[in-house]
Amino acid sequence: MSDTSKTVKSDSSETAKVDKAEGVIEEQETVAPADDPTAAPVTVVDPRLLVREEGFKGYVTEFKRKVKGGELGSLPVFVGLIVIWTIFQLQNDRFLSADNLSNISYYMSATGMLAIGLVFVLLLGEIDLSVGSVSGLSSTLFAVFAVNNGMDPWLSLVLAVLTGIAIGAMQGWFFARIGVPAFVVTLAGFLGWNGLMLWLLGDSGTINIPSESGPIHLLGQGSFFMDQAIIGAYLLAGLGVVLTLIGNFGEQRRRRAAGVPFRPTSEILLRVGALAVASFVAAAVLNNASGVSNALVIFLAALVIVDFVLRRTTYGRKVFAVGGGIEAARRAGINVPMIRITVFAISGGFAAVGGMFFAGQTASATLSAGGGNTLMLAIAAAVIGGTSLFGGRGTVWSALLGMLVIQSIQTGLDLLNMNTSIQYMITGGVLLGAVVIDSVSRKSQKAAGRG
Amino acid sequence: MVHVSATPVLALRGVSKRFGAVQALTDVELEVHAGEVVALVGDNGAGKSTLVKTIAGVHPIDEGVIEWEGKPVSITKPHDAQGLGVATVYQDLALCDNLDVVGNLYLGRELLHRGVIDEVTMEKNARELLSTLSIRIPSVRIPIASLSGGQRQVVAIARALIGDPKVVILDEPTAALGVEQTAQVLDLVERLRERDLGVILISHNMADVKAVADTVAVLRLGKNNGSFPVKDTSHEEIIAAITGATDNAVTRRAGRRTAEAAK
Ligand SMILES: Nc1ncnc2c1ncn2[C@@H]1O[C@H](COP(=O)(O)OP(=O)(O)OP(=O)(O)O)[C@@H](O)[C@H]1O
Ligand SMILES: [Mg+2]
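For the protein sequence lines, the chains are U and A, in the order given.
Position 214, counted from 1, in the first sequence is what the numbering used here calls 999; the numbers after and before it change by one each time, with no gaps.
Position 242, counted from 1, in the second sequence is what the numbering used here calls 244; the numbers after and before it change by one each time, with no gaps.
Excised from the complex, chain U in its bound form (with noise of 0.2 angstroms):
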């Protein structure tokens, strides 16, 4: 995310240059806030550690040093999607058109349920191969309750997450238990799941759900927030703005009190800035379309509330030591079990929820849901977004970047008409290309003492 604010920046140096002065004060309390006497021992700085200096170039070079040591954040995902839509858009002009932008938009979220997920597995440095075949197990239950035994929706839909929660669970105690590699444990899912769907479809095949009402039509592509109003796109934008610049400014002050170092205003300016050209101009997008999806804002919403999950809880903390030394969090008094079962609990859970969404796309469950490539590109979604597979690293957001990428490519190659072989063809160049970046970034992190 940081690298926006440096992107942005050239275009908007005016409001740098007007807070300039106020950065600069700023920054100089930081390093030794003279009327706070608590903070007056830490006045020793090692002279050694490289601080950013004023302005624009300060950026410049801190941003050069950390792409040197590997910490490329998600420099790669935006350089990608800039690559990725000038090819698109060269081939078919239709490619960067608002309806088009708004399908990519709508398709993606399915995806990124699983990715979510998957973001929470990759941390601990595992994976779960079984969240394409949960996802359309989740979808046929749903159908098999909601259609075949004429359940109410709502609690098909409780039950299908209910279930996908349990088999990730499932899986996690096989792994966190019993000791089985979470690789095998989840393609045995793979398999075994996928069976089950299809033993569950039967003969019938395809089982059609009705998306007059209830969850399925509220995630079927003609459902908006707000149900299409103008105002909407921007009422999302707006909220997203301000929450951001009420938070950072809300941490800038606590900050400021404590006397610990915090992001001078004009920082925080930036980044809400380009957060808010980034949520305004894609509200516009979509509203020359026909709005923003509500299936786009639940998956928003969800990337929300994980990643303050996260960042802010005790339990994403958790997560974060687990993944980053196991030892030292059972040392720790982390109970290193619960935590990986919760974990693949919470992979489980959101295939599930990925799988309605699936099952709202096409407004039924069909024996090929969640098949094909959809594991690979979640887990592409989540590692090209940044998310390395090598625990400890990452977060939730990268499922939205990572997924933007692979849904652009996906829903470019449908405009040229490449058929599936092509597609499997590029996704798996794709997704090793995202793991070749990581563990490149990861070789350079560890020459940088940062591995």
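Heads up, a few of these hints could be off.
Claimed, not checked - Computed footprint of chain U on chain A; a stretch qualifies when at least three of its residues, placed anywhere within it, have a C-beta under 8 angstroms from a C-beta of chain U:
| hint | region |
| --- | --- |
| 1 | 80-87 |
| 2 | 110-117 |
Stated by the list, open to error - Derived contacts from chain A toward chain U, CB cut-off under 7 angstroms, selection only:
| hint | residue |
| --- | --- |
| 3 | Ala96 |
| 4 | Leu97 |
| 5 | Cys98 |
| 6 | Asp99 |
| 7 | Asn100 |
| 8 | Leu101 |
| 9 | Val122 |
| 10 | Glu125 |
| 11 | Lys126 |
Derived from the structure by calculation, the hints contain no laboratory data.
Computed from a predicted structure; not experimentally measured.
Every residue gets a Cβ at the ideal spot worked out from N, C-alpha and C, and that includes glycine.
Once you've looked at the hints, dock chain A with the ligands against the given chain U.
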């Protein structure tokens, strides 16, 4: 110097620990009183770290009893030991490479502010704590992976001081430290004693041991090999107990002296 209270805070009675075919500890006895620094010494592989880990709950004991303030307790997982008030700095440090200094210091006992991790207070306390140890760390917000060995060790030591421990166990805390930092750690050990904490200090450096310890407990091949009051035991006697070069008379003599001192 030793304010020997009647009941030790922590006592091991006949503790044994096996790792497969290795009998790492056999019938080990150890007592730590409040305000006492016990140096635990012994050759490589003597079982010092294993003993520490049994107290800390990393490796539960096979036989024997651990007493806490006179009452037998069961320590089967690190959480149990932390709950009692045992803080441990392990020889292999055991820090999470991906978390920053603050995250590591507070791992497992994060401060909360309205149910949410309170990064600000944690960071403030961390900076204060590290500055009292006068340790230079570039920033409390960089991942542990980018610290030097000694800096990591300091973080591990600082970690033990967060929370309110009653017994602090330091497994070779000065092994990787520079001259100044070693002195700091020894000062720290003395401050812990002044605060009436029990300290178990493992070290191969006899000068350090003689400088701060009240009692020296020697382990040899997983067994007790004498326990000596520091002030009237010579360097040579300790070395002899460690290497096992003592002839029996000397061991007995040392044993008698400990018994007298205890009276
Ligand atoms: N996890 C383990 N599994 C099997 N054997 C172990 C384990 N930990 C320690 N041991 C064995 O227990 C014995 C004591 O080891 P320990 O680490 O306690 O020695 P130490 O006294 O701390 O030595 P040093 O001074 O080198 O740190 C050794 O023989 C070692 O091989
Ligand atoms: Mg040892």
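Hint check:
Counting residues of the region 80-87 of chain A whose beta carbon lies closer than 8 angstroms to any beta carbon of chain U gives 3, which reaches the threshold of three, so the coverage claim holds. Note: the region 110-117 of chain A has 5 residues with beta-carbon separation from chain U under 8 angstroms; the three-residue rule is met and the coverage holds. Among the interface hints, the one on Ala96 (chain A) holds; its C-beta lies about 4 angstroms from the nearest C-beta in chain U, closer than the 7 angstroms criterion. Restraint check, Leu97 (chain A) versus chain U: the minimum CB separation of about 5 angstroms is within 7 angstroms; hint holds.
A hinted interface residue such as Cys98 (chain A) counts as satisfied when its beta carbon comes closer than 7 angstroms to some beta carbon of chain U; here the least separation is about 4 angstroms, so the hint holds. Annotation: interface hint on Asp99 (chain A) holds; nearest CB of chain U at approximately 5 angstroms, less than 7 angstroms. Hint on Asn100 (chain A) holds. Least Cβ distance to chain U is approximately 3 angstroms, under the 7 angstroms limit. This hint holds: Leu101 (chain A) has a C-beta 6 angstroms from the nearest C-beta of chain U, less than the 7 angstroms allowed.
Satisfaction of the interface hint for Val122 (chain A) is found here, the shortest Cβ-Cβ separation to chain U being roughly 5 angstroms, below the 7 angstroms cut-off. At a threshold of 7 angstroms, the smallest CB-CB gap from Glu125 (chain A) to chain U is about 5 angstroms, leaving the interface hint in force. Among the interface hints, the one on Lys126 (chain A) holds; its C-beta lies about 4 angstroms from the nearest C-beta in chain U, closer than the 7 angstroms criterion.
Checked against the numbered hints above, the structure breaks none of them.
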